[in-house]
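Colleague: Since the structure of chain Z is provided, determine the placement of chain F with the ligands on it from the hints.
Okay, here's what each chain looks like letter by letter:
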Amino acid sequence: MLAENKLKVFGDFIKTLTNDELIWVNGYLNGIVAKAVPETTLPAVKQAANKITITYGTETGNSKKIATDFAARAKKNGIQVKLISLDQYRLNDLPKEEYFFTIVSTHGDGEPPAAAKKFYDHIYNNGFKFDKLKYSVLALGDTSYPLFCKTGEDIDDQLNKLGGNRIAPLRKCDLEFDEEANDWFDKVLLSLNSNNGAQVKESPVITSSPAKKITTKKTYTGSVLANVNLNDIGSNKQTYHIELAVDELEYEPGDSIGIVPENPLATVEAILAFTGLDKNKEIEYRDEWFTVFDLLKKRVNIIYLAPSVVKKYAALVSQTIPEAKIDLLDLIKIYPVKNSAQYEEVFALLNPIAPRLYTIASAPEAHNGEVHITVEKDEFHINDIERFGLCSAYLGELNTDSEIKFFVQKNKRFRLPADDEDIIMIGPGTGIAAFRSFLSERDSKGAAGKNWLFFGEQQFATDFLYQTEIQNWVDTGVLTNVNVAFSHDQQEKLYVHHKMLQRGQEFYNWLQNGAYLYVCGQKDPMSVWVENTLLEIIQKFGSKTAFEAKQYFDKLKDDGRYSKDVY
Amino acid sequence: MSDKNLSHIEKVKQTSDGLRGTIRESLLDEITGAIREDDQALIKFHGMYQQDDRDRREERAEKKLDRLYTFMIRLRLPGGFLLPEQWIAMHEIAGENSTGVIKITTRQTIQLHGIFKSKIKPTISAFNAAKLDSIATCGDVNRNVLCSPNPRQSTLHQQVFAYADKISNLLKPKTSAWYEIWLDEEKIAEKLEDDPLYQDRYMPRKFKIAIAIPPNNDVDVFGNDIGLIAIIENDVLKGFNIAIGGGLSTTHGNTETYARLGTIIGFTDTEEKTLKAVYEILTVQRDHGNRSDRKLARLKYTVDNLGVDRYKEEVETRAGFKLEEARNYKFTTRTDYYGWEQSNDGNWQYTVFVENGRVLDDEKVALKSALLEVAKTGKANFRFTANQNVIISDVSAGDKEVINQVLLNFNIIEHTGSASPIRKNAMACVALPTCPLALAEAQRYMPSLLSKIEPLLEKNGLQHEDIIVRMTGCPNGCARSYIAEIGFVGTGPGKYNLHLGGDYEGERLNKIYKESLEEAAILTELDGLFANYKNERREREKFGDYIMRKELV
Ligand code: SRM
Ligand SMILES: Cc1cc2nc3c(=O)[nH]c(=O)nc-3n(C[C@H](O)[C@H](O)[C@H](O)COP(=O)(O)OP(=O)(O)OC[C@H]3O[C@@H](n4cnc5c(N)ncnc54)[C@H](O)[C@@H]3O)c2cc1C
Ligand SMILES: Cc1cc2nc3c(=O)[nH]c(=O)nc-3n(C[C@H](O)[C@H](O)[C@H](O)COP(=O)(O)O)c2cc1C
Ligand code: SF4
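For the protein sequence lines, the chains are Z and F, in the order given.
Per the numbering used here, residue 401 is the first one in the first sequence, and the count goes up by one each step.
Per the numbering used here, residue 2 is the first one in the second sequence, and the count goes up by one each step.
Since the hints were derived computationally from the structure, they do not count as laboratory data.
Keep in mind that this is a model prediction, so the values were computed, not measured.
Just to be clear, a hint being listed does not mean it is correct.
Said to hold, decoys possible - Here are the simulated DSS-like pairs of lysine-lysine, each with C-alpha atoms no more than 30 Å apart in a straight line:
#: 1; chain 1: F; residue 1: Lys122; chain 2: Z; residue 2: Lys893
#: 2; chain 1: Z; residue 1: Lys777; chain 2: F; residue 2: Lys12
#: 3; chain 1: F; residue 1: Lys65; chain 2: Z; residue 2: Lys805
#: 4; chain 1: F; residue 1: Lys118; chain 2: Z; residue 2: Lys637
#: 5; chain 1: Z; residue 1: Lys637; chain 2: F; residue 2: Lys122
#: 6; chain 1: Z; residue 1: Lys964; chain 2: F; residue 2: Lys65
#: 7; chain 1: Z; residue 1: Lys893; chain 2: F; residue 2: Lys120
#: 8; chain 1: F; residue 1: Lys118; chain 2: Z; residue 2: Lys850
#: 9; chain 1: F; residue 1: Lys296; chain 2: Z; residue 2: Lys637
#: 10; chain 1: F; residue 1: Lys65; chain 2: Z; residue 2: Lys923
#: 11; chain 1: F; residue 1: Lys120; chain 2: Z; residue 2: Lys810
#: 12; chain 1: Z; residue 1: Lys698; chain 2: Z; residue 2: Lys733
#: 13; chain 1: Z; residue 1: Lys637; chain 2: F; residue 2: Lys120
So here's chain Z without its partners, still in its complex pose (with noise of 0.2 Å):
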């Protein structure tokens, strides 16, 4: 947002500050911000609202949590409120509403979260207009990410060029989105009750301020200490297990960390060869210098990229290109520029690498001044080409003594209970991560709970991923119950859904004994088996319908006691 310099000395300014000058600096900016909308251009809005619609998209869960609470408060101020998720929201009501107030993150590269991709492509697909619709967006994301809150903007903007009036305006949330939110909604609620609800025309934009930037985002470097293959010969994947030294590094059991990874040495070669551009040249990104060379190894986006920064390329060299994702390599091959001078351009006009995020696999109690996780070498193919995902075999590389930069990406939804709680944990693959982390720290503390762990991959002999410490835990008693599947071992598959089934009887019976439920891992397909078959296990063992299940279900996840680190 701010250039490196106001940036220094802004941030100087903010470390003075006590907390409370910090929110009173908050408050007063947003004034000021507000103030710069021209009065004149606001039309009066006939009466005050007494019926609004609050919807939101969300992924992990903050923009619900959010949105539940702003209904609660509105429906306080006696305002009739209709709160819904995105995906549930009956797109034809649209054209029908008066207030509405979205709430939405932002994911993947810059992308809606999937519950919102329905309504995000309605209102960009579907040529109707407005007539009374009166709307603000609250958007939620993370600086870390290039695109930062890219949904809520687009939906803000879409909306209003379909004829919505804003009132208040688009919110743009980082990670510490609390206070950020609160004071979105006490602006909303304002032109709500004054009877003439302020229209913003602009789209002037309230991002977090900086301060929380730097308080929220500190960046470590951790040196390398060890870098295993978990799987031995004869497995079909590598999942390295990888330690970092970092030293004064706070984070909780169920966070992660993210992780810029560098280009490919060879691909930026192949760049620098074909441009013949000097690799030493210094040239400007995003207000901070950068040799070409750096600049293409270690800040900019140059595979696989988005169909935006295509798009953004075509324009610039005048071509025709479809919108698909392209490495930057074959674009300028394919769709040469029209003199070597646009590389500066066609550079300036990509999008900085995104970080990855990587569960952390170990406890400030258990491992002091050490953070590990564990990767799996993301494979796949590009007409029967093996490639290799980006970050995940940069760090397969990492040499010991090796050091990278990464922050800290808390997760509150992701937390151990009191340590006298029991716990299941389901945690296929990589999803053991975040359960070496809670079983090492139950562990060291000496919890009281219980602790049940399943676990899966495809073969036992190679694929058991930190096999010994399981065992050592159950001999140890730290773990009462651990049912592993290996997919790939007999004739049908057998996966840690199939496990939770077989043993649904107790299983269920942990959680009538309120025990607190853990899935980590893959989003797709395994989280969605879990689930579904979590509902089975409720429904046949605690002899429910299909509907009472369900509210079982929800009753779970609303009193904090399922929770997903899925990805």
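Modeller: Here is chain F with the ligands on its own, set in the frame of chain Z:
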């Protein structure tokens, strides 16, 4: 003997509920490829050993993976006889569930290695379908019974050979645990399970029996707890000389342990008496054997503690008859009759050279495929020799050409024919990587060592001599290195005690010549010895005899 100094295994046996223990539970344990400690002792009675790939230990530890536990299964094949369809079945099972290598052992049977815990049951039920079992091929019971396999040995071969089966069945444990655990069969009433021979204690230690048909001592009859020597006079089987107390294993640094050859204690003429005598030799060992120190529990020690005569009397009183004076016999060889041989019934046998008993397809020869082809013709049986080779047997004169063609196609004739005498007379035990007791390599190393010894022989013009060379990776002597003319006994990685002076026929133990030699030293020693032997040997004097005459050990 008072309970308190009973060895742990004794307690395990007695509390095992007919060798069942907690094997079932062990099999269900999902997070380890191993089974519980005590069950590991019990599955031996079922013909299995828990092992792990010792080559992979260190790296797996780094990978936070448990040891690569697998199981070795050993078949019960009295006299080492297999029908062609059984060979085919075994070939397939080996391919599916084990390392694929079919290992012919020094006791005429077959071992499959590298079977995962989860694959044991499928493997065994496949064996069962082929009418094969692994009952009592390990553990403190009577093991696979040996018998000279080559029908060419005598017109009466079939008659003698039948004893292997009879003895094996007579001494088979009565428990049906094997069928219940591995084949999920219903438990049959306890009553039927009383085992008058083994009771609930079984033997104090493993027990081994071999039957030899002179003049060939290919089974090393004197290396067994009981050795039966068939006495054939003008084409009639008169009976058997009985030798007891053979046993080869020693333990480095334990002076109480020693290798011992069997002592002939007499002769029995009828089948009934022979079986009875054998049976009572076991009961005496059962009751008098050492059950507190397993290192001293073999029959050989019991015999020496009681004294041969006392032991004999005890057997006679229990049997209710006296053993007769031993008859004359003569052993002149121990080697297999390689290549084609015809037996008196007019059938033909082809003895294939299988280096260290490892049947597989390698760059040298596609032995495994060849034998499968042979089996598929259905025109030949398979007989394993105690020298780790296989005899393609009982081929009618009419079918001989068919088989011969297969052998030619797969280059087996060339392979067997061209192997040097010293290689054909050599044996090595399994050792690394599967054998947990191995101190040094054996079957993986022996071939290359021989390649270095062969030139030394040629240099001294001895390349045509049959010299018996054997190597074991530890002093247990699984390849009977103590009754070889040249014996290598592993003492540590790359180090072997060099034993010399055994005889060619297997009637004299060798002695340590030099300790813990590495390859270079081994070769210089042998080079010198060969040279002197060449110059100083008497007419047709065997290498082992030469060593003794010169008192070099
Ligand atoms: C496969 C075989 C060697 C071969 O390459 O052919 C073999 C292999 C093993 N022998 Fe043996 N023995 C084999 C014939 C012998 C012989 C030779 C014989 O019986 O003619 C002997 C020496 C004669 C004797 O028993 O005195 C022999 C004396 C031993 C001993 C020492 C016994 C003793 O009295 O102390 C052990 C260790 C033990 O039992 O404690 C042993 C133990 C073993 C084990 C099972 C190691 C263990 O206890 O875990 C080896 C398995 C290695 C592997 O991975 O396969 N093996 N073992 C032979 C299988 C015979 C069979 O089919 O039943
Ligand atoms: C909260 C969270 C926690 C996570 N925890 C873990 C963890 O503990 N362990 C772990 O291993 N992972 C974890 N992940 C996943 C991890 O963040 C990365 O997504 C994963 O490692 C893949 O990243 P990559 O850079 O290696 O692959 P990328 O380069 O990002 O590629 C990812 C996919 O994009 C496609 N793709 C990329 N390039 C091309 C191309 N040129 N052509 C066509 N298709 C292409 C392929 O389908 C490929 O599989 C987590 C993710 C999240 C969100
Ligand atoms: C895999 C992944 C990708 C993300 N990509 C972006 C992104 O491109 N831009 C952004 O601003 N935030 C991004 N985020 C951050 C989320 O928007 C942020 O965590 C938000 O709080 C999630 O809200 P939700 O729980 O309602 O989905 C990403 C998060 C994850 C886990
Ligand atoms: S002799 Fe020793 S090393 Fe060789 S198989 Fe027997 S026990 Fe193992």
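Colleague: For a C-alpha distance cap of 30 Å, please report whether Lys120 (chain F) and Lys810 (chain Z) respect it.
Modeller: 44 Å, violated
Colleague: Check the hint pairing Lys964 (chain Z) with Lys65 (chain F) against an upper bound of 30 Å on the C-alpha distance.
Modeller: Holds. Lys964 (chain Z) to Lys65 (chain F) sits at ~26 Å (cutoff 30 Å).
Colleague: Are Lys637 (chain Z) and Lys120 (chain F) close enough, with their CA atoms no more than 30 Å apart?
Modeller: 23 Å, holds
Colleague: Straight-line Cα separation of Lys122 (chain F) and Lys893 (chain Z) no greater than 30 Å?
Modeller: Holds. Lys122 (chain F) to Lys893 (chain Z) sits at ~19 Å (cutoff 30 Å).
Colleague: Lys118 (chain F) and Lys637 (chain Z): Cα distance at most 30 Å?
Modeller: Since the Cα atoms of Lys118 (chain F) and Lys637 (chain Z) sit roughly 23 Å apart, the hinted pair holds (cutoff 30 Å).
Colleague: Would you mind confirming whether the straight-line C-alpha gap from Lys893 (chain Z) to Lys120 (chain F) stays at or under 30 Å?
Modeller: With Cα atoms ~16 Å apart, Lys893 (chain Z) and Lys120 (chain F) stay inside 30 Å; holds.
Colleague: Quickly compare the C-alpha distance for Lys65 (chain F) and Lys923 (chain Z) to 30 Å and report which way the hint goes.
Modeller: Roughly 26 Å separates the two Cα atoms, so the pair holds.
Colleague: Decide if the proposed pair is consistent with the structure: Lys777 (chain Z) and Lys12 (chain F), CA atoms, cutoff 30 Å inclusive.
Modeller: 50 Å, violated
Colleague: CA of Lys698 (chain Z) to CA of Lys733 (chain Z), is that 30 Å or under?
Modeller: Answer holds: Lys698 (chain Z) to Lys733 (chain Z) is near 22 Å, not above 30 Å.
Colleague: So if I understand the rule, the pair passes when the alpha-carbon distance is 30 Å or less; does Lys296 (chain F) with Lys637 (chain Z) pass?
Modeller: 46 Å, violated
Colleague: For Lys65 (chain F) and Lys805 (chain Z), compute the direct alpha-carbon distance and say whether it is at most 30 Å.
Modeller: 26 Å, holds
Colleague: Taken at face value, is the distance from the CA of Lys122 (chain F) to the CA of Lys637 (chain Z) at most 30 Å?
Modeller: 28 Å, holds
The earlier numbered hints that this structure contradicts are 2, 9, 11.
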